[in-house]
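Student: Following the hints, put chain G in place on chain X, whose structure we already have.
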Amino acid sequence: MKLKLIFIIMFTFLLNITHSQNNLKDTLKYEIIYNLSYQENKEDTINIKSEEMILKISKNFSYYISSNNLKLRNMLNGLQNSDETTIIKSRPKSKFLFTIIKDYNNDKIIFSDRIGLDIYSFEKQMNKIDWVLQNEEIEILGYKCKKATASFAGRDYIAWYSTEISISDGPYKFQGLPGLIFSIYDTNNHYKFNILSLKKDNTYFDTKDEIFNHIKISEKEYKELKRKYREKPSSMLNSGGMTFPKELLDKGDQRAKEKLKYENNPLELED
Amino acid sequence: MKKILWIIILFSNCVFSQIVIKGKIEDKNGNTISKANVLIYKKATENIITYNISDNNGNYSISFPSSYEEVDIQVRCMGYETITETIENKSINKNFTLIEKVFELKDVVVKSSPIRQKGDTIKYFVNSFSKEQDRSIGDVLKRMPGIEVLSDGKILYQGRPINKYYIEGLDLLEGKYNLANENLPFKEVTQVQILENHQPIKALDSLKFSDQAALNIKLKNAYTFTGQARLGSGFSPLLWDANITPMLFTKKKQMLTTYQANNTGDNVASQLKKHTIEDLLNQFENNSEKTDWLGIQQLATPNFSEKRWLDNNIHLLSGNYLHKLKNDYELRVNLSYLNDYQQQNGFTNTEFITPTNTITILEEKQNHFFFNSLQTNLTLQKNASKNYFKNSLEFQGFWDSQRGTILLNNQQLKQQLSNEFFRISNQLKTIFPLGKQMITLNSYIGLNKTPQTLNVNPGQFENLINNNLPYDEVTQQVDLKTFYTNNSFGFTKLIKRFSVETKIGFQIENQQLNSEILTSENFNLVNEFSNNLDWFRSKFYLNITTQYKKDKWRFELTTPINHHNFQIKDTPLQSSENLNQVTFEPRLSAIYDVNSFWKINSSINFTNQFGTINQIHYAYILQNYRNLQRINAPIPQITNQNFSIGIAYRNPIKTLFWNVMYMNSKSVNNLLYQTQVSTNGASELKAIEQDNNRNNHNISTRASKYYSKIKSNITLNATFNLQSFQQLLNNNLTDIKNQSLVVGNKIDTDITDKMNVEYQANWTFSKNKTQNQDNPTVTQQSHILNLNIYPAKNQYFAVKSEYINNNLFTERTENLFTDLIYRYTISKKKIDLEFQLSNLFNTTNYRTINISDFSYVETNFNLRPRQVLFKIRFTL
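Protein sequences appear in the order of chains X and G. For the first sequence, this note's numbering assigns the number 1 to the initial residue and increments by one for each residue that follows. For the second sequence, this note's numbering assigns the number 1 to the initial residue and increments by one for each residue that follows.
It is possible that some hints are incorrect.
In the DSS-like style, the derived pairs of lysine-lysine whose C-alpha atoms are separated by at most 27 Å in a straight line are [stated by the list, open to error]:
1) G:K164 / X:K59
2) X:K208 / G:K549
3) G:K386 / G:K164
4) G:K386 / X:K208
No wet-lab data here; the hints were simulated from the structure.
Excised from the complex, chain X in its bound form:
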């Protein structure tokens, strides 16, 4: 009787699952690595951090992720199919936990971000960036690059792109120039992307693996969630079963809040 009940419960749940995501997949063509150096706090000009960011490009889409984040994800995937007997409770974290898939054909981006313990995804139209082309030229990594300027999310940017690589893409949400962006930085020098390497990549990439486990939400819900997280980080950490000591949570909250207060210089200053 007991078992029967369990099976009924399980079946009900099984029926709830639907797999219906037309995902992008293809053999990759190029892998570009950028070094991102950024200033977390508006006033604190000494504390400049940096991280490597990867842009993987295929014919119809591109995938943008922090290099450390990618490494950790690969480790975790490897782990799931390997011998490791210990169940790992804590999950990867890097400064940039989001990923961006740019769908060239539909002019869409799929933005995914980790908040607390889960990854959330939403889709939106690709940002239209009004680039102003300039005639200045410099050479980066042996490629002739031209200058372009634009405003994006409250900052003015200078970009260097090369028409020799006619991929209209770049780091983060930047795209739309008649060539690949080699370098882009805002006029305050708070966010600087510089190309580190450029190479062919023939691995197969399925975005399903990337967004399979994500919780699909709307952009509005995402912003709400992000706001809640900033307000009280520990409210996201609730695992349901475990209770954490109050003082520990408070301390953590206080510290996280302080950290978030310090990190007052995001790339996007406005929506």
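Tutor: Just chain G now, with coordinates in the frame of chain X:
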């Protein structure tokens, strides 16, 4: 003329300004090409006027104002040849056909990372991350990219806990690295290294992938001496609290010592306890924890924080020393000495309920506990690429004693106990290759000795011991000698999605129990009062653990087969027992992740438990002044069957979390125990061979939600427990049912960024049913109200209150405790000042009531009075 010029200018601007060139881009087979760049250049220059990118249908459209006669149009697309043409500057439709061409991308790399990366090692230079206000290396670590320090001191790298914290490549403190991280000034450190994918056991390096990182601290100087101190004092009575932790690091030697002392109720002895799960399992498996056979009559301790009632005077000295030897060998010595004097005052009112009458005992107790123990550990470790070897030799000595005075119905009774315990043990772990397999070998050998003596004055149990005549003193001596060994070897195999771990081993336990009761009148009591027990137990085991993981499912099946052998003999009493049995104790667990929000887990297992030596002794032992026990029974054997299922729902979007868990355990015990209470309150335990069942149901649930609008987190929880079993009460088999329900709630509100209020309440309702007769419900309540204020970054103020209300039958007790804490940090000098006022309302007495199947015990416990404490913390 001027006018005409203006007209021309305007005219040309209107008519010629907007030129539109559009068309389609295809390959030679007529397939459209999207994402091709179409660029318009000033003729014969590199200056781009404008551009467009072809859409999904290969269409492009460029509009631009131009005063040029001709422009260059260029079409570029990866994998195709670039076309450049010069066209007239007018609106036209222009299609292009691109020819495929292999594009040779120049692979180029520039390397310029500010963090020097070398293989799997990342180096951070401390100077470039440190700031004015930093003090310890932990403060700087927090700022390094990828590193995170949690509030409890745990260090994460890329979100994962580090597996080792080395100082100059040496692992002095193992899991207790916080000691160093918090106390080592950053000025002594030159570099922090992260060893990615670090496998601490070198022999497994190429075989077992590790995704964890280790952290290594490189020191500036070959010789570093540093540390931290905390001093505190207060009054009523005079209080003190000290903690001095100096440390020394050189290339070959590392040392960390700590001296801690207080009489404020802070039981620092808990720091000596081992915290990793592996250690705890070992302790349980190896029987290495101190056991006390005898005791003085204690007071039931209150069920709230120790700091409110513990009357102590503790001194703890602990030293850790590590020395690097040749050939990858390391020698580590850990040494701890503990001295504590604790006092307990209060009285108990005990009522023994028997079918015929009720026996009441009123005891006023004054207890003194003396703890005096030494623990040493000598570890030799070799961590080489071919094999791993770790040998720990441990010695523990407890020279503990207790003294108790009881005023029993206005008669004084003295108890004097010496409860010593000694243990010496050796543990060996080695990993070595055998063909392609890595074999793990574990071996433990231990010797314990428990010489304990209890004196009670005046003599008790005169009806049994002294022909019904009162006498002066009774002495109980117990001496237990134990030899125990556990040896096993194991290996793991991977077969596709299965991982199979095999472990084979054996345990041998040989114990000798000698005990004797002596009286002041008669030194030669009959055999009934002396045990000479020989206990031999062996177990051979084969344990196979299979794991299977696929997508959302995870299974684990354990199938241990054990062979048990028991030989128990008491020659003088001519009693003996033997048991030979094979047991199969499978366990199956499954976890299923339904989707991002729902998760189900379930497990079922069967186990067998056998009794230990303190559950079989044929002659009497006086455990405490009013408990005389002998257990002449077969080996206790319990078979358990456990089942559990849990469902969890987590929706972080709505910040709603809920879970429910159901557990059921059924057990069959081959023995029934009976406690016989004689008229003077002395009790005797007897075992009767009769199968009996115990059944337990437990269901618990918890839900929490965060309300963003009112910045509050609300939690509700409930647990229901139902237990049924049988017991012998004065020769009658009685069915007993216990029911308990706990409901609670918690509200946590951030009133402002700097103020937080927390309210927590719990109600417990317990009910007991004996032989279809309901006993009244007992209600217990506890309420906690905490107010936390952070007036400034370096200040903290808190008011903490706890209210406890117990409603037992007709009795009602109430207690209120309030504490104040204020902390001020002098940031520049990194000095913390703290002021504590505990027990504001000076609640000095706490009454608890315990009800067991045959007794009702009311305890009055003297608490710590109101006290004030001032503390200061600084770097050495």
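Student: Each hint needs a verdict: does it hold in this structure or not?
Tutor: Right, here's what the structure says about each hint:
no., hint, in the structure
1, G:K164 / X:K59, "violated (44 Å)"
2, X:K208 / G:K549, "holds (20 Å)"
3, G:K386 / G:K164, "holds (20 Å)"
4, G:K386 / X:K208, "violated (42 Å)"
Checked against the numbered hints above, the structure violates hints 1, 4; every other hint is satisfied.
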